[in-house]
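*Asks:* Need the complex rebuilt from these two chains, each delivered in its own frame; the hints are there to steer you.
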Amino acid sequence: KQEVTQIPAALSVPEGENLVLNCSFTDSAIYNLQWFRQDPGKGLTSLLLIQSSQREQTSGRLNASLDKSSGRSTLYIAASQPGDSATYLCAVRQGGNQFYFGTGTSLTVIP
Amino acid sequence: DTAVSQTPKYLVTQMGNDKSIKCEQNLGHDTMYWYKQDSKKFLKIMFSYNNKELIINETVPNRFSPKSPDKAHLNLHINSLELGDSAVYFCASSQSGGNQPQHFGDGTRLSIL
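Those protein sequences? They're chains A and B, same order as listed. Going by our numbering, the residue at position 67 of the first sequence is 67; the numbering climbs one at a time, nothing skipped. One gets our numbering by counting positions in the second sequence from 1 and adding 1000 to each.
Just chain B, same shape as in the assembly (with noise of 0.2 Å):
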């Protein structure tokens, strides 16, 4: 059983195209992460949000916006994309609570030509 799993695994679309990556967890946890892997493997932050408050990296472009229709998911809507935005997508789950474990996805491929 998967516990945070991401679709679609790979992503190849034009500039100027909106496009959406999903996430669920069955893990029962109460708070979802996105974050973006560069070129260089460095991962930051996007989102993080659980029921009661949703926190914004301050970099992240509006045109990135989390959706979620209950606990167990988030999904990644991204406007207007733009080649920048090439990157690997990874969506995490934990359980709130200072010290609990982030359990991450197998991440979301993203390609702008």
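Bound conformation, chain A alone (with noise of 0.2 Å):
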């Protein structure tokens, strides 16, 4: 059974720093990973999604990558602001429809 694991659950950082988040799942017979955010009290907003076959995926100030073979994603947040504080989730897509979350980062970005 897929687990998926994101380490470390919580981080702090002074704004303007570049950091990474980091996903690893043990099964990779995968369609997708994707990077979602979720703000207190609201529900999840997608990030980026990586195809299986992709290596990595920007949007902005994110980029992420994917390593199926050994199981392994990397979020990576350039200039980080206080308005990127929130929860990081990584998910990905096996078959059935069947979508596996990690246990998510709770980011803070200090002013």
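Derived from the structure by calculation, the hints contain no laboratory data. There's no promise every hint is true.
Said to hold, decoys possible - No farther apart than 20 Å at their CA atoms in a straight line, the calculated lysine-lysine pairs in the PhoX-like style are these: (1) B:K1067 with A:K1; (2) A:K42 with B:K1044; (3) B:K1022 with B:K1067; (4) B:K1041 with A:K42; (5) B:K1036 with A:K1; (6) A:K42 with B:K1022; (7) B:K1036 with B:K1022; (8) A:K42 with B:K1067; (9) A:K42 with B:K1040; (10) B:K1036 with A:K42.
Stated by the list, open to error - Which chain A residues face chain B? A few, computed with CB under 10 Å, are given here: (11) Y31; (12) S52; (13) S70; (14) R72; (15) Y76; (16) T87; (17) F99; (18) Y100; (19) F101; (20) P111.
For glycine and all other residues, C-beta sits at the position ideal for the given N, C-alpha and C.
*Replies:* The following block contains the structure:
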């Protein structure tokens, strides 16, 4: 059974710093991996989706990479801002419309 | 315009009651989902549904049942509510096909007294 882990569970950085969030998964037979952010009391907002055949995706200050064979993905956030403070979740999609989420990384960017 | 909307946002009820949560999406997607987020913020898929098939996570009790009157709606009915059902329930939608992103509603916080 697929297990998705995110490290660290919480991260606090000063504004302007670059940072990396990690996501690992145990079964490499995935269709894609998606990164989300969740603000308190809100739903999930999709940030980036990487197909299993891709190595990375970029959107603005965000860059996500995927190494399927080693079961790892990273989300790189450049020049962090206080508005980036949120919980970041990764999720892998497998066959049969099965989605498995990580436990999330709670990010705080200090002004 | 809200893409995926859920009602109610909060639901407080007593053990043993039957309740429903409604979900609507205006994105034209053909697949909808229900997720449960527990107190530790762990998200787990409960159902996925399109006009072809309903896929149920085998760990979901049969007290939970999705009902889809049309492609834009997927409601969640829960019978005989239990204390352990307290959680935040999220609805999501996507276009079918392996690599389409999911869009989430803001969640319904269900509290069982």
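*Asks:* Give a verdict on every hint.
*Replies:* Hint check results:
As the CA atoms of K1067 (chain B) and K1 (chain A) are separated by approximately 28 Å, the hinted pair breaks the 20 Å bound. Annotation: proposed proximity of K42 (chain A) to K1044 (chain B) holds, straight-line Cα distance about 16 Å (limit 20 Å). For the proposed pair K1022 (chain B) and K1067 (chain B), the alpha carbon gap of about 9 Å is at most 20 Å, so the pair holds. The straight-line distance between the Cα atoms of K1041 (chain B) and K42 (chain A) is roughly 12 Å, inside the 20 Å bound, and the hint therefore holds.
With a C-alpha separation of about 19 Å, the suggested pair K1036 (chain B) and K1 (chain A) falls inside the 20 Å cut-off, and the hint holds. At roughly 17 Å between alpha-carbon atoms, K42 (chain A) and K1022 (chain B) fall within 20 Å of each other, so this suggested pair holds. For the suggested pair K1036 (chain B) and K1022 (chain B), the alpha carbons sit about 14 Å apart, so the restraint of at most 20 Å is met. With a C-alpha separation of about 24 Å, the suggested pair K42 (chain A) and K1067 (chain B) falls outside the 20 Å cut-off, and the hint is violated.
The straight-line distance between the Cα atoms of K42 (chain A) and K1040 (chain B) is roughly 15 Å, inside the 20 Å bound, and the hint therefore holds. Restraint check for K1036 (chain B) and K42 (chain A): the C-alpha separation of about 14 Å stays at or below 20 Å, so the hint holds. For Y31 (chain A), the interface hint holds, since its Cβ comes within 10 Å of a Cβ in chain B; the closest pair sits about 4 Å apart. Hint status for S52 (chain A): holds, given a least beta-carbon distance of 8 Å to chain B, under 10 Å.
Taking 10 Å as the C-beta cut-off, the interface hint given for S70 (chain A) is violated, the closest approach to chain B being about 21 Å. For R72 (chain A), the suggested interface contact is broken, since its CB lies about 19 Å from the closest CB of chain B, more than 10 Å. Checking Y76 (chain A) against chain B: minimum C-beta separation of about 19 Å lies over 10 Å; hint violated. With a least beta-carbon distance of about 7 Å to chain B, the hint placing T87 (chain A) at the interface is held under the 10 Å criterion.
With 10 Å as the threshold, the beta carbon of F99 (chain A) comes within range of chain B, its nearest partner Cβ sitting at about 5 Å, so the hint holds. Hint status for Y100 (chain A): holds, given a least beta-carbon distance of 8 Å to chain B, under 10 Å. This hint holds: F101 (chain A) has a C-beta 4 Å from the nearest C-beta of chain B, less than the 10 Å allowed. Against a cut-off of 10 Å between C-beta atoms, the interface hint on P111 (chain A) is violated, since the closest Cβ of chain B lies about 25 Å away.
Checked against the numbered hints given earlier, this structure breaks hints 1, 8, 13, 14, 15, 20; the rest are met.
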